[in-house]
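A.B. asks: Each chain, letter by letter, is given below.
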Amino acid sequence: MPSDIAPSPAKVSAPRSTSFPLSDPTITMLGGLIVVAAAIFSALAPSRFLSGDTLRAIAFQMPELGILSLAMMVPLMSGGLNLAIIATANLCALVMAAILTHLIQPSTPPLIIAAVIVLALLAGLVTALGIGSLTGAIVAFFGVHPILVTLGTMTLVKGTSVLATSGTVIGGFPPAILFLGNGSFFGIPVSLMLLILCAAVVAVILSHAPFGVSVRLIGSNERATRYSGVATEWVLVGVYVLSSLLCWVAALVMMARFNSASAGYAESYLLVTILAAVLGGVDPFGGFGRVLGLLLSLLLLQVISTGFNLLGFSPYLTAAIWGITMILAILIALLRDQWLVRFLRPSPAESAALQTRNPEP
Amino acid sequence: MRDFLGRAVHRHDVQIGAIVLLMLAFFGMLSPGFLTLGNFADLLETYSVMAIMAAGLLVVLISGGIDISFEAIAAVSQFLVATILVRFGGNWFVAFSLAGLFGASLGAVNALLIYYLRAISVIVTISTMTFYFSILMFVTQGRSIYNLPNWFTSDLSFLSVPFPVMVAAVALVLTLFILSRLTIGRQIYGLGGNPEAAKRMGCNIVGLQCFAYGYSGFMAAIAGIVQAHRVEEVVPYALIGRELDVLAAVVLGGASLAGGIGTVSGTVLGILLLAVLQNGLTLLGVSSYSFGLVTGVVILASVSATAYTAKRQRKRSIRHAI
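These protein sequence lines are chains F and G, in that order.
By numbering that gives the first Met the number 0, the letter at position 2 of the first sequence is numbered 1, and the numbering carries on one by one without gaps.
By numbering that gives the first Met the number 0, the letter at position 103 of the second sequence is numbered 102, and the numbering carries on one by one without gaps.
Note that these hints are calculated values from the structure, not bench results.
Hints may be right or wrong, so weigh each one.
What the hints assert, rightly or not - Across the chosen pairs, the derived CB separations fall in these ranges: (1) G:Asn193 x F:Arg55: 47 to 57 Å; (2) G:Asn193 x F:His207: 49 to 59 Å; (3) G:Leu282 x F:Pro314: 33 to 43 Å; (4) F:Leu54 x G:Phe92: 52 to 62 Å; (5) F:Asn220 x G:Asn193: 17 to 27 Å; (6) F:Ser267 x G:Arg313: 52 to 62 Å; (7) G:Glu195 x F:Ser219: 17 to 27 Å; (8) F:Asp336 x G:Asn146: 26 to 36 Å; (9) F:Leu121 x G:Glu195: 48 to 58 Å; (10) F:Gly166 x G:Arg229: 39 to 49 Å; (11) G:Ala168 x F:Ser219: 38 to 48 Å; (12) G:Ser104 x F:His101: 32 to 42 Å.
Ideal Cβ positions, reconstructed from N, Cα and C, are used throughout, including at glycine.
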């Protein structure tokens, strides 16, 4: 990250608890904003906003952006960034799409179709692994800034997709794949289940696995982590591999939803994923962040977009509001931190009293 | 003399310059149409808009920040100026002054948000980019402006140097002058190199940041006008989405994302590298679909090589110290 200048006093972070979600100020703030947004939209469009259709729209639209945001969150936690997520997802989708459409004819027996689907999934997985290892290796072993590396891999991966397809779209998949994007299971969309599964896996990895702890430590202070005996290089490779694997899952959802794959899908999501992660309380300098915060920020963005859509506003206005929401969230966090500092710092009289009670030896 | 050469070989812009020369020779041998004056005029004209934007972005990178919003600023200023020119008329002076004013103001907003919200520049400029561009699309509904005044679209080349190339040259020379001769330029290097030290030296941090981001917005808006002159129309979404291409060119030219490092000569060479590569490949009959692949490989190779040399030099200097 570029070194930005904070005016004095030095940046003070609010206390971050890992025990109980509600004590995390970011979670409370996002929860409050969601309630406020939902209340406003319910008041403005009572019959339409509070309906099953709205919930279903939110549930079907969130997973794609959500899984991609998780793919952005993991490198952010390590103090990096992955600009190549969309390009990676598109290339994975194209590889899988090419295999599915070439090897499956209308007359293919079901067993072979199943085998081809497994083959396609594996090919997509290998593609993601390859891109992730390349990115991670350059970041870790050459020490290049992640923005630069992923700028390069983004151009390279997208270039590969464009060259391979000449800008065309590959479409027409078997129903099993389409089910991932459009099907429901007990009324819950399969894609939403995939998002929740990915979120749970990432949350467990980041907060409980040794790898996740190393990632957060690297985000806080890479050199100190290395000196304390963590193989930071390999952890960084792992960060970008995990990010790319999440892109592969996102690729599956995207393929299924559009019933096609192309080099240029979802490009506008790239910067939105960064917004969603930072709005969700992920520290862009690395080290701090919770998956729950990310999910809440996604829900907030989705509620705003669905509500505005119902009120008949242009999608561009929604995007503008997303930008303002981001700035507002930064402002609220800043004011909150300043307030906490004032609240937690004892007044001169108090500190004098403390001194007399506990005299320094 | 040998000492001078030895030091020159390790300089980033000399290395990039050598690569550009090698490529010129390579493409010159393979394709007869490459080393012609006409081709070079075309090449420079095509990349002049990018060069003007790169000049502005370079200043922000040196100051230790990053600007993602400049293409959105260019699109907004382009649209505002074109609307005013179509409705009230004007001349080139009015066009450039208005564009500069709009661009610098929108850029300064970035700096104020970054300073007073103590936020990281990537996040703030992504937010403002989203905001500026969405509002533009909301207001225009994506409609283009075609009825630009005749004086605006007429050919202005002088001694067969195209007008965009002249503007780009002025922009680059101005940036060079500010960065190397003016106090504010040196202070911006100081700010990027060590913000704390710059603050204790008495630099006005918020003023410097306003200048850097304002300058980036200013140059972007000028580039927007030049682009509208080139293509003879204003399309709201024509410029957006190329932020990272310009960033790639400036970074190829040796500017560091950590701040404090970067030169105008390097930036020019970074753009030339991309321009010569793409132009040469086109003349060789390579499909334009392969540009992304080639550009990606060049970026990865360049940044890896730079970082690897830096790492090795650091290790060597530590060994010397021991």
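A.B. asks: Each hint: holds or not?
C.D. replies: Taking the hints in turn, this is what the structure says about them:
With their beta carbons about 54 Å apart, G:Asn193 and F:Arg55 fall inside the hinted range of 47 to 57 Å. A beta carbon spacing of about 39 Å between G:Asn193 and F:His207 contradicts the range 49 to 59 Å that was offered as a hint. A hinted range of 33 to 43 Å holds for the C-beta pair G:Leu282 and F:Pro314, which are about 42 Å apart. In this structure the supplied range 52 to 62 Å holds for F:Leu54 paired with G:Phe92, their Cβ-Cβ distance being about 57 Å.
At about 19 Å, the CB distance of F:Asn220 to G:Asn193 agrees with the hint of 17 to 27 Å. About 40 Å separates the C-beta atoms of F:Ser267 and G:Arg313, a value inconsistent with the hinted range of 52 to 62 Å. Distance hint check: the CB atoms of G:Glu195 and F:Ser219 are about 20 Å apart, consistent with the given range 17 to 27 Å. For the pair F:Asp336 and G:Asn146, the beta carbons lie near 52 Å from each other, so the given range of 26 to 36 Å is not met.
Look at F:Leu121 against G:Glu195: about 51 Å separates their beta carbons, and that is inside 48 to 58 Å. Distance hint for F:Gly166 and G:Arg229: a CB-CB separation of about 24 Å, inconsistent with the stated range 39 to 49 Å. Here the CB-CB span from G:Ala168 to F:Ser219 is close to 46 Å, well matched to the stated 38 to 48 Å. Checked against the given bound of 32 to 42 Å, the beta carbons of G:Ser104 and F:His101, roughly 54 Å apart, lie outside it.
The structure shown violates the earlier hints numbered 2, 6, 8, 10, 12.
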